[in-house]
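Chemist: Below are the chains, spelled out letter by letter.
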Amino acid sequence: MSDNASRTATAHVHGHSEEDYLRCSHGWKSWAFTLDHKRIGVMYLIAILISFLLGGVMALVLRAELFTPDKLFLSEDMYNQMFTLHGAVMTFLFLIPSIPAALGNFMLPVMLGVKDVAFPRMNLASFYLWVFGAIFFLMAILLGGLDTGWTFYTPYSTTTNTAVIAASMGVFILGFSSIFTGLNFLVTINTMRPAGMTWFRMPLFLWSLYATSIIQVLATPVLGITGLLLIAERTLGIGIFDPARGGDPVLFQHFFWFYSHPAVYIMILPAMGVVSELVSTFSRKPIFGYRFIAYSSIAIALLGFLVWGHHMFVSGQSALAATVFSALTFTVSIPSAIKVFNWLATMYKGAISLETPMCYALAFIFLFGIGGLTGLYLGALATDVHLHDTYFVVAHFHYVMVGGTLIAFLGGLHYWWPKMFGRMYNEMWARIACLIVFVGFNATFFPQFVLGSRGMPRRYARYDTEFVYFHQFSTSGAMLLGCGLMLCAGVLIHSLLRGRKAPANPWGSSTLEWKCSSPPPHHNFDWPPVVSAPYQYDHIVYDPNHQGYVEVEDIPEEEDELTNAPVESHS
Amino acid sequence: MSTTTAPSSEVAPSEHSDGGHDDHGHDPFLAHHFGSAKQQFDAGKFGMWLFLVTEILFFSGLFCAYAVYRSTHPEAFANADQYLDPMLGAANTAVLIFSSLTMAWAVRAAQLGQKQLLVRLLTITLSCASIFLGVKAVEYSHKWDLGILWASNFNPQAHAAHSPALLVLSIPAMITVVVTAILFGVGKSRKSEIMSKFWGCLLIAALAYFGGVGLGLTVPVIEGAITGEAAHASAEAGHHAAEGAHHAAAAEEAVEHAAGHATEHAAGDAVATTAAKSGSLEAAAIEQAAIDRTYTGIFFSIYYVMTGLHGFHILIGMGVIAWLLYRSLLGHFGPRYFGPVDFVGLYWHLVDLIWIYLFPLLYLIG
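For the protein sequence lines, the chains are A and B, in the order given.
Going letter by letter, the first sequence gives residues 1 to 571 in full-length UniProt numbering.
Going letter by letter, the second sequence gives residues 1 to 366 in full-length UniProt numbering.
Next up, chain A with everything else stripped away, as it sits in the complex (with noise of 0.2 Å):
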């Protein structure tokens, strides 16, 4: 694994290796070549962004279309394509590689103690195929759209004339962006890890990751298989997903869910992780039950293979099969709840303290409760069978979607804005804009709810007038979201230009990225940090002098041990 090009790279910056990543090299080539996972992390953090911002502008559109019962301004077509396009570009461009490549790629070494990833070369790969991907889409939208929904769904994929074969092409390629950083993440932390930095002493973010790399690496190459038989299909005619030659379109469904199940647990844990470290930073508490989240990020990745037939439950599916796939759907809330209880229990009697983070991390609570508990009632046959396709499903993912992975995402970016960029933006107007898009939110996709259980099917343009109330509701929320996010782009942007400068821990955190200065430097660390348990916060106190906290050596060593030891016995 030679490699000239980052040898002299690196070699250039040896002599000032204080300066931090954003300065330590200039040019636009320094960024398009870079091997620094931090700035590749940017450059993820960047292209997701503007991804949001496009299928966020599709949503709005699609929610002012429905503001009245008949045409507004979209014809049913470009409805149809409308919505299409809004789910795919969330799914494959924004949610799975949000936290992940963004966050993950920015935070992972830098909390593991690392200089960088295992293969640097394969990270920027990945960034460079997830653009390439995005073209792929750009093309599907130029070549007159896709209206097939985010699912592909044959027969209906392979007959319609819009451009399937550009968007399932972009999905191939985005499914091999999102194998490379699993990969390389999973590598990372098996062969890595530093002296000191155990299985258990990492952070439950970087546990979180690991669950959902493994995903990343055993589901997504199924997606690329069916995307190339699909591809096939419409090009070829080969039949195996054609009735009419003795193929079976169900297959596809099979095919598509055993990816886009566990793919939606890709989108999941990693917001899981991010909330564990904001919960236990901001209640100044050992996280609790800390063996207990790390394994539950495992269990829901491993049971998160084994409940994708809940998608089909009238699709044809036998009722045997149906039922089994019921049954191992509700043990995904085991795991799920655990988490939650254990964040609850951290909070208890914990110095709770509302910076914004930690305000994005109680609404994800929130709206992952209700996100996953409206989960049960489409894991239950029965009543799947009347909720099928009805708003009820929107307003379900929605919740564990956008309440739960958005906001636990615009969480971790709040909470390590600091570390990446190396300025504090304005407490009290992220404060509000997170106030703004939880109550947009909620008034968005709470009526959903409604019209769902009261027969609104979902991927219509047109609707009855007995709906209009709710959707009239819905759509007004959508807006107030849509100002809410805008908020919170500008405190963001804002803090770039007029931000106070940070100190290196302005959140009195205990794990290793806050160890290093803000923004961290090129290498991260110039020699394996020291490695302790996390969540220990006796000896991190507030320094006025710094505007930060810091570290206090006062606390004996033993005694820190101590304070760790029942931690973990009480789980």
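If you're looking for bench data, these hints aren't it; they were derived computationally from the structure.
A hint or two may mislead.
To be verified - If you want the footprint, here are the derived chain B segments under chain A, 3+ residues with CB under 8 Å:
#1 39 to 51
#2 88 to 99
#3 165 to 176
#4 180 to 186
#5 313 to 324
Said to hold, decoys possible - A partial selection of chain B residues facing chain A, derived with a Cβ cut-off under 8 Å:
#6 H33
#7 T54
#8 L57
#9 Q114
#10 Q116
#11 M195
#12 Y295
Note that beta-carbon positions come from the ideal geometry of N, C-alpha and C, so glycine has one too.
Go by the hints and put chain B onto chain A.
Modeler: Just chain B, lined up with the frame of chain A:
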């Protein structure tokens, strides 16, 4: 690789200096973010194993599709047996297993620092891959000539058409031979040992493709004997049905429909026209034959996707082995640094292993 016999020690340093590795004073192949060579090796190996897991899952979708269609259309799989030549498959299996041996041996040669042996073994492995592709080209072109394609184009003929399919498939290999020969000549004239050796080895590997084609052509081909059977049977059935209707033109039409482009639309059409006329058992026979044929097309869809994807992996493997060949000519590999050879070896064994599963599943059925 008998063209040059220079000792390896002369080659390595000269290339090293302009590679720019040596200005660090420590292990030239240790990347900056790894603590030790062992850590780097472990990371690479674990990474390669994980990659192989993704490969297995990638193919697992196809194995899964195979299993599903085998259970829903067993008759199609039994029927497909007659169109496949196990001898060609067996020949390719032997070639690949042998290449796995040379690849494993190459890893050992790298570990022991036996540079010349390593170069030879990699060349043999690369040549085996070429032979495999040559045999595969014979197989594919023969099927093309007989109309044995994937579902929508599955239209088996009793007699092979004489098309230039094999020639067309061999064009990339021909280009490779010409290009490598030229570069080999250039290397010779410039007295660049690395260049002439490298392109010489690739030339040998490219020529091996034609060895593979030769091997494929000498293996007894089972043309017509069975291939035409299904078409013949359905044609006969159509003939009877038409006779019952005392209409010669209809007979021809039915024959054409049933034997011709059945998969497109004829299954229903042909049956509809003939059944209306006779309504007899023969119509049912035509229908059965058409359905059999339709479903057999599914088998060949799976066959082409699986073998095609496997062939693509062979091509990728050849690219990486060529890269190894170049690096081993530069003298990069030895007891302290042999990771890449080891990792590519793992990949090559997996590609081999997938074929070992494909061979019985596709060729030895029925």
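Chemist: If a hint holds in the structure, say so; if it does not, say that too.
Modeler: Outcome of the hint check:
Figure legend: the segment 39 to 51 of chain B, annotated as covered by chain A; annotation consistent (9 residues with Cβ-Cβ distances under 8 Å, at least 3 required). Only when three residues or more bring their CB closer than 8 Å to a CB of chain A does the claim for the segment 88 to 99 of chain B stand; here the count is 0, and the claim is violated. Closer than 8 Å: that is the beta-carbon criterion, and the segment 165 to 176 of chain B has 0 residues meeting it against chain A, so the requirement of 3 is violated. Coverage of a stretch by a chain is defined here by at least three residues with a beta carbon nearer than 8 Å to that chain's beta carbons; for the segment 180 to 186 of chain B and chain A the count is 0, and the condition is violated.
Requiring three or more residues with a Cβ within less than 8 Å of a Cβ of chain A, the coverage given for the segment 313 to 324 of chain B is violated, as only 0 such residues are present. The restraint placing B:H33 at the interface with chain A holds, with a minimum CB-CB distance near 4 Å, inside the 8 Å limit. With a least beta-carbon distance of about 5 Å to chain A, the hint placing B:T54 at the interface is held under the 8 Å criterion. Restraint check, B:L57 versus chain A: the minimum CB separation of about 4 Å is within 8 Å; hint holds.
Among the interface hints, the one on B:Q114 is violated; its C-beta lies about 21 Å from the nearest C-beta in chain A, farther than the 8 Å criterion. Interface hint at B:Q116: violated, since its Cβ lies 22 Å from the closest Cβ of chain A, which is beyond the 8 Å cut-off. Because the beta carbon of B:M195 sits about 19 Å from the nearest beta carbon in chain A, more than 8 Å, this interface hint is broken. Because the closest C-beta pair between B:Y295 and chain A is about 4 Å apart, less than 8 Å, the hint holds.
This entry does not satisfy hints 2, 3, 4, 5, 9, 10, 11, going by the numbered hints stated previously.
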